[in-house]
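Please build the complex by placing chain B on the supplied structure of chain A, with the hints as guidance.
From first to last, the protein sequence lines are chains A and B. First residue of the first sequence: 1, per the numbering used here; consecutive thereafter. First residue of the second sequence: 1001, per the numbering used here; consecutive thereafter.
Take the hints with a grain of salt, since some may be wrong.
[As the list claims (entries may be wrong)] Derived BS3-like pairs (lysine-lysine); straight-line CA-CA distance at most 27 Å: (1) Lys96/A - Lys1065/B; (2) Lys106/A - Lys69/A; (3) Lys69/A - Lys3/A; (4) Lys1071/B - Lys1057/B; (5) Lys3/A - Lys96/A; (6) Lys1017/B - Lys69/A; (7) Lys3/A - Lys1057/B; (8) Lys96/A - Lys52/A; (9) Lys1057/B - Lys1017/B; (10) Lys1071/B - Lys1018/B; (11) Lys96/A - Lys1057/B; (12) Lys1017/B - Lys1065/B; (13) Lys1069/B - Lys96/A.
For the record, the hints were derived by calculation from the structure and aren't laboratory data.
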Amino acid sequence: DAKTTQPPSMDCAEGRAANLPCNHSTISGNEYVYWYRQIHSQGPQYIIHGLKNNETNEMASLIITEDRKSSTLILPHATLRDTAVYYCIVNDGTYKYIFGTGTRLKVLA
Amino acid sequence: EAQVTQNPRYLITVTGKKLTVTCSQNMNHEYMSWYRQDPGLGLRQIYYSMNVEVTDKGDVPEGYKVSRKEKRNFPLILESPSPNQTSLYFCASRRTGSSNQPQHFGDGTRLSIL
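Same shape as in the complex, but just chain A (with noise of 0.2 Å):
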């Protein structure tokens, strides 16, 4: 069973900021939130991670409740290339991975 809880699907207008939300209430206290992105059938692409702080990097930032239930990603000014399924993970750097189905992230002109 997937340790995060992700909406199917979301829109998001080209240049608008998509907020991307993820639930992770079962985290423990070692885990990382990462963010993964897959384009059509691609190989998955590195986003961000993060584990209590807020965190930012060229593609996006990373926003952590303070609690660590549940993060958002942020990408600040959506373009069509951004259009993907986006995958939440948690992972406390053991070796098993599990990713759920993601949010698929629809960018509109």
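Below, chain B alone, put in the same frame as chain A:
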């Protein structure tokens, strides 16, 4: 360029004919893993390897074998493929020295077993 390379990218074959999908990474990563992806089911982990000669089962290992004789290679072996193994397969690797390192994925191998 840092990458995970899978071969072949596409394969159509018949039930029972042994096949091997190769995976190679050039990043000196200790950890490697295989996933399969089926419509509506997301990515499911088949096998993983923490280092050379160390492998373990993921969530869906039935019908598959792996080996890790060298650090850079992690082949996936289907000894007697069946139609229910028709799927899109991904290999991934990551460094294990720091536990929070992300995985790097290959471009995928689409297998069709007739």
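Against the structure, the hints:
no., hint, verdict
1, Lys96/A - Lys1065/B, "17 Å, holds"
2, Lys106/A - Lys69/A, "25 Å, holds"
3, Lys69/A - Lys3/A, "11 Å, holds"
4, Lys1071/B - Lys1057/B, "18 Å, holds"
5, Lys3/A - Lys96/A, "12 Å, holds"
6, Lys1017/B - Lys69/A, "47 Å, violated"
7, Lys3/A - Lys1057/B, "19 Å, holds"
8, Lys96/A - Lys52/A, "21 Å, holds"
9, Lys1057/B - Lys1017/B, "23 Å, holds"
10, Lys1071/B - Lys1018/B, "24 Å, holds"
11, Lys96/A - Lys1057/B, "9 Å, holds"
12, Lys1017/B - Lys1065/B, "14 Å, holds"
13, Lys1069/B - Lys96/A, "21 Å, holds"
Checked against the numbered hints given earlier, this structure breaks only hint 6.
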